[in-house]
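Number of protein chains: 2
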Amino acid sequence: MTPDEFRVAGSELIEWIARYMETVEDHRVTPDVKPGEIIAALPSAAPEAPEPFSSLVADLNNVIMPGVTHWQSPGWFAYFPANTSGPGILGDLVSSGLGQQGMLWATSPAATELEMVVVDWLADLLDLPAAWKTAGPGGGVIQMSASDSTHTALVVARHRKQASASAGDMVAYTSSQAHSSIEKGANVAGYGHVRLLAVDDDYAMRPDSLRTAIAADRVAGLTPAFVGSAVGTTGTTAVDPVRRIGEIARSEGLWHHVDAAYAGTAMICEEFRHHQDGLELTDSYTFNPHKWMFTNFDCNVFYVADRDPLIDAMSITPPYLRNRASDSGDVIDYRDWHIPMGRRFRALKLWFVLRSYGAEGIRHHVREHVRLARLLESRIEADERLEMVAPTLFALVSFRHRSGNDATMALAEAINASGHSYVTASQIDDASFIRVSIGQTSTAERHVEQLWKLIVEGA
Amino acid sequence: MTPDEFRVAGSELIEWIARYMETVEDHRVTPDVKPGEIIAALPSAAPEAPEPFSSLVADLNNVIMPGVTHWQSPGWFAYFPANTSGPGILGDLVSSGLGQQGMLWATSPAATELEMVVVDWLADLLDLPAAWKTAGPGGGVIQMSASDSTHTALVVARHRKQASASAGDMVAYTSSQAHSSIEKGANVAGYGHVRLLAVDDDYAMRPDSLRTAIAADRVAGLTPAFVGSAVGTTGTTAVDPVRRIGEIARSEGLWHHVDAAYAGTAMICEEFRHHQDGLELTDSYTFNPHKWMFTNFDCNVFYVADRDPLIDAMSITPPYLRNRASDSGDVIDYRDWHIPMGRRFRALKLWFVLRSYGAEGIRHHVREHVRLARLLESRIEADERLEMVAPTLFALVSFRHRSGNDATMALAEAINASGHSYVTASQIDDASFIRVSIGQTSTAERHVEQLWKLIVEGA
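Line by line, the protein sequences are chains Z and E. Per our numbering, the first sequence starts with residue 1, numbered consecutively. Per our numbering, the second sequence starts with residue 1001, numbered consecutively.
Check each hint, because a few of them may be wrong.
[Stated by the list, open to error] Pairs of lysine to any residue, SDA-like flavour, derived with a Cα cap of 25 Å: (1) 453(Z) - 431(Z); (2) 34(Z) - 7(Z); (3) 1161(E) - 1127(E); (4) 1034(E) - 311(Z); (5) 1453(E) - 1358(E); (6) 1034(E) - 134(Z); (7) 34(Z) - 1164(E); (8) 34(Z) - 3(Z); (9) 1034(E) - 1418(E); (10) 1453(E) - 1379(E); (11) 161(Z) - 1164(E); (12) 161(Z) - 1321(E); (13) 1161(E) - 180(Z); (14) 34(Z) - 1318(E); (15) 34(Z) - 1324(E); (16) 34(Z) - 1222(E); (17) 1034(E) - 323(Z); (18) 1034(E) - 135(Z); (19) 34(Z) - 1308(E); (20) 1034(E) - 325(Z); (21) 161(Z) - 1221(E); (22) 34(Z) - 1379(E); (23) 1161(E) - 166(Z); (24) 34(Z) - 1311(E); (25) 453(Z) - 329(Z); (26) 1161(E) - 57(Z); (27) 1161(E) - 1311(E); (28) 161(Z) - 1160(E); (29) 161(Z) - 281(Z); (30) 1453(E) - 1374(E); (31) 1034(E) - 281(Z); (32) 1034(E) - 431(Z); (33) 1034(E) - 57(Z); (34) 161(Z) - 1134(E); (35) 161(Z) - 55(Z); (36) 1034(E) - 308(Z).
[What the hints assert, rightly or not] Stretch by stretch, here's where chain E covers chain Z in the computed footprint (C-beta under 8 Å, at least three residues): (37) 14 to 25; (38) 162 to 170; (39) 186 to 199; (40) 447 to 455.
In case anyone wonders, no lab produced these hints; they're calculated from the structure. Quick caveat: nothing in here was measured; it's all calculated off a predicted structure. We treat Cβ as the ideally placed atom computed from N, Cα and C, and that holds for glycine.
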């Protein structure tokens, strides 16, 4: 493809995406395809000869689009959002075009230093401890997903204790409501034990259950190594008591990791920051701009209070990566901050988003989503057939049908069958409930009203 | 940003990238910046108010571009390539625009099934064992980097043995010339021991050294668990004897992983396939279309001969991810194939590349790069001041100055100082050498001639 052919094809696809933005609402949120249908519509072997770009676009429309689940629909209320935005898409486009691979400062000073700048900007925007900024002992790094960051934190925690205990004897703690990435990450990192601790009536971790579990494990000869607090669980956005868990973690010598994958974005607004009180007692923190900060997937930010143990666990320097800048110690080589060596220039899209929206633009959208969530909550509370299962702390509304699990599941199915809205059915203990996550970039009041109509009809 | 504003800004950036393609050769390959210079040119805080798109583009030109290392320059001979191409960039653009998050089949049937299709296409194109295709017991999955895949393989190998041995007693083997990601991955996965085995005169792993090391470790009460073979080492593209290592791995019960991160692409040409003879005796395989297959970073493909142990090590299903399609067992949920839960629609760019180039187009470029490498090799062999340090099996030329390390390092510096070409200085044992990796998308004979002129002048 020559640059001129790229101009033509590129303009066509920019128009294609702009039309997608304008028409995404016309699609059913979830596609109507059966397993294997898309595979069956595609050839079983790659073409020998080049194909014209027009046939690619035709198949994109005819084969791929019917199998797309529309995460970008304003009727998307499922899971958490994975937002795109114009500036995010375009920042990513420039990243693809420049083809930087920023494993070392030397292999892309621009990618490395812009990343240092945007993670520092974000630290201030979310009011994170000053020590986590690049000028301090800590620092931030962009990873692919919160699962990656959390796994990395678990590895560092294990690595710190490795001289005195085997991984099989180490214990990671988190609440029964924590994201599955903690249990998965602990298994992957080789922990012998994961304790999913009891929660209180608001689904927040009970510090006493942490204290009791640590004591019992010590008696059993095990080595407590890691505790994960959630600021916004996946089930109901419950908030663990970070400060109290932090005090226990400090006195017991545990690595304390905070999973704010979803709710981290809300911290750009002052009124939510009390939920993460106690961050100075934590060792690492993960949040996803690719969820609720209009920065398209993938973009996770991982902060550590002290970068030394991280680099200690992750760094190996073969001769072909040695270079004067690295040897000088004056630069950051981000490959030493995570498992992958290669790294895409992801800071660009975050920079485009932060500058295009401005902090006040992001705050505006976050507050609007929270307002809509509270509006929906008030409707639910006023309807005697329905009940809330957890308070709406951010923009996730968790509720159920008072008639029980079957009625709740049937309601979720009815909403989703409409094609206009898509919610997630979930469960805590034996109780089913419906999660309505309000946060897609273009979700407005009318979409929530439409959802409410579906709830009323389905109830 | 409205769809109309996106149209305007998007067209501007498509033109910007097309111009970049046309003018990349005019830039010095490596930028002339000092550590901290880009940071100093950027504000220390994010803007409160939105900024116009024009100021973003202005800063892109004035602040970012002066700090870019031009991986996409035809004078890029450093490391291995990390190629972009028009179709790759555009496939990535569509992926950004659609904003799919394909953690489950249900969250993007299109992303999941297109991925199954393209990894199967690639298995055929590279002549990989039929069992590795989706219809068999194995399968392929796109990951971010070869480091991620290799680490995943190490975790699965450890997981298989975990019931009978502790990770601290497990041993991973690879050659002294293997990529650092194996040693790093083993450390991250908690292996107590990594053996970097002796190589032969061509820098390939010696099977007898593997056999001896395993025996010694068994005597010491350790548990051999993993061996990594390289098809194309990073230093000199040496090829380990996959079949003979595979026989040892089978008889000793080790997981056998093949790192073909760079050279995997060459297997699209029949004449290179003898280098990976014995693949049916391996358990996993990693290669990077983002290196030499014109698919922009990040795009790694990881194959397993049997997907059960992989899913066994990686799968955890919380209630909010349960859905009918997954419960049916009829679909693949790729989140169970790696650490990250969320996943971008990376298959699109690979699909765009494979169809736009066609298999014959990729073969053409690969063969042309290999031809240019042999051309350079013949020049070096004819020059009495220089000597090759390893045979040119693919498109990497490894040579040194006969006068020794200082002359070799001075030659590398002289080449790089020119700004036209960029090579990597490396070292094996105590001998310095220069790696010339020919494989950037637009590298043509004249660029290699230009490099040769620099070598002659510098020598």
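A quick look at each hint next to the structure:
1. Restraint check: the Cα-Cα separation between residue 453(Z) and residue 431(Z) comes to about 24 Å, which is no more than 25 Å; the hinted pair holds.
2. A hinted pair counts as satisfied when its Cα atoms are at most 25 Å apart, and residue 34(Z) with residue 7(Z) does not qualify at roughly 36 Å.
3. Of the supplied pair hints, the one linking residue 1161(E) and residue 1127(E) is violated, its CA atoms being roughly 30 Å apart against a limit of 25 Å.
4. A hinted pair counts as satisfied when its Cα atoms are at most 25 Å apart, and residue 1034(E) with residue 311(Z) qualifies at roughly 23 Å.
5. Using a Cα cut-off of 25 Å, the hinted pair residue 1453(E) and residue 1358(E) is violated, with the two alpha carbons roughly 34 Å apart.
6. The hinted pair formed by residue 1034(E) and residue 134(Z) meets the criterion: a straight-line CA distance of about 17 Å does not exceed 25 Å.
7. Of the pairs offered as hints, the one joining residue 34(Z) and residue 1164(E) is violated, with about 42 Å between alpha carbons and a cut-off of 25 Å exceeded.
8. Taking the CA atoms of residue 34(Z) and residue 3(Z), the gap is about 39 Å. The hint is violated against a cut of 25 Å.
9. The hinted pair formed by residue 1034(E) and residue 1418(E) meets the criterion: a straight-line CA distance of about 18 Å does not exceed 25 Å.
10. A hinted pair counts as satisfied when its Cα atoms are at most 25 Å apart, and residue 1453(E) with residue 1379(E) qualifies at roughly 11 Å.
11. Our distance criterion of 25 Å between C-alpha atoms is met by residue 161(Z) and residue 1164(E), whose separation comes to about 22 Å.
12. With a CA separation close to 33 Å, the supplied pair residue 161(Z) and residue 1321(E) exceeds the 25 Å bound.
13. For the hint linking residue 1161(E) to residue 180(Z), the alpha-carbon distance of about 23 Å falls within 25 Å, and the restraint holds.
14. Straight-line distance between C-alpha atoms of residue 34(Z) and residue 1318(E) comes to about 23 Å, which keeps the hinted pair within the 25 Å bound.
15. A distance of roughly 11 Å separates the Cα atoms of residue 34(Z) and residue 1324(E); the hinted pair therefore holds under the 25 Å criterion.
16. About 49 Å separates the Cα atoms of residue 34(Z) and residue 1222(E), which puts this hinted pair outside 25 Å; it is violated.
17. Between residue 1034(E) and residue 323(Z) the CA atoms are separated by roughly 14 Å; this keeps the pair inside 25 Å, and the hint holds.
18. Among the hinted pairs, residue 1034(E) with residue 135(Z) is consistent with the structure: their alpha-carbon atoms are about 17 Å apart, no more than 25 Å.
19. Distance hint between residue 34(Z) and residue 1308(E) is fulfilled; the C-alpha atoms sit about 24 Å from each other, no more than 25 Å.
20. Under the criterion of a C-alpha separation no larger than 25 Å, the hint pairing residue 1034(E) with residue 325(Z) is consistent with the structure, at around 9 Å.
21. Pair hint residue 161(Z) plus residue 1221(E) holds up; C-alpha atoms about 23 Å apart against a cutoff of 25 Å.
22. A C-alpha spacing of about 58 Å is found between residue 34(Z) and residue 1379(E), which places the hinted pair above 25 Å, so the restraint is violated.
23. A C-alpha spacing of about 15 Å is found between residue 1161(E) and residue 166(Z), which places the hinted pair at or below 25 Å, so the restraint holds.
24. Between residue 34(Z) and residue 1311(E) the alpha-carbon distance is near 23 Å, which keeps this suggested pair within the 25 Å criterion.
25. Between residue 453(Z) and residue 329(Z), the direct Cα distance comes to roughly 60 Å. Violation of the 25 Å bound is thereby established for this hinted pair.
26. Of the supplied pair hints, the one linking residue 1161(E) and residue 57(Z) is violated, its CA atoms being roughly 47 Å apart against a limit of 25 Å.
27. Distance restraint check for residue 1161(E) and residue 1311(E): the Cα-Cα separation of roughly 15 Å lies within the 25 Å cut-off, and the hinted pair is therefore satisfied.
28. Between the alpha carbons of residue 161(Z) and residue 1160(E) the distance comes to roughly 24 Å, so the proposed pair stays at or under 25 Å and holds.
29. Simply put, residue 161(Z) and residue 281(Z) have alpha-carbon atoms about 19 Å apart, close enough for the 25 Å limit, and the pair holds.
30. The straight-line distance between the Cα atoms of residue 1453(E) and residue 1374(E) is roughly 16 Å, inside the 25 Å bound, and the hint therefore holds.
31. For the given pair, residue 1034(E) sits about 35 Å from residue 281(Z) by alpha-carbon distance, which is inconsistent with the 25 Å threshold.
32. Taking the CA atoms of residue 1034(E) and residue 431(Z), the gap is near 59 Å; set against the 25 Å cutoff, the hint is violated.
33. With a C-alpha separation of about 44 Å, the suggested pairing of residue 1034(E) with residue 57(Z) is violated against the 25 Å cut-off.
34. Note on residue 161(Z) and residue 1134(E): the hinted pairing is violated, with a Cα-Cα distance of about 40 Å set against a maximum of 25 Å.
35. Restraint check for residue 161(Z) and residue 55(Z): the C-alpha separation of about 56 Å exceeds 25 Å, so the hint is violated.
36. Between the alpha carbons of residue 1034(E) and residue 308(Z) the distance comes to roughly 24 Å, so the proposed pair stays at or under 25 Å and holds.
37. For a cut-off of 8 Å, the count of residues in the stretch 14 to 25 of chain Z with a CB near a CB of chain E stands at 9, and the three-residue condition holds.
38. Coverage of the stretch 162 to 170 of chain Z by chain E holds in this model, with 4 residues showing a Cβ closer than 8 Å to a Cβ of that chain against a need of three.
39. Under the rule that three or more residues need a Cβ within less than 8 Å of chain E, the assignment of the stretch 186 to 199 of chain Z holds, with 4 such residues.
40. Only when three residues or more bring their CB closer than 8 Å to a CB of chain E does the claim for the stretch 447 to 455 of chain Z stand; here the count is 0, and the claim is violated.
Checked against the numbered hints above, the structure violates hints 2, 3, 5, 7, 8, 12, 16, 22, 25, 26, 31, 32, 33, 34, 35, 40; every other hint is satisfied.
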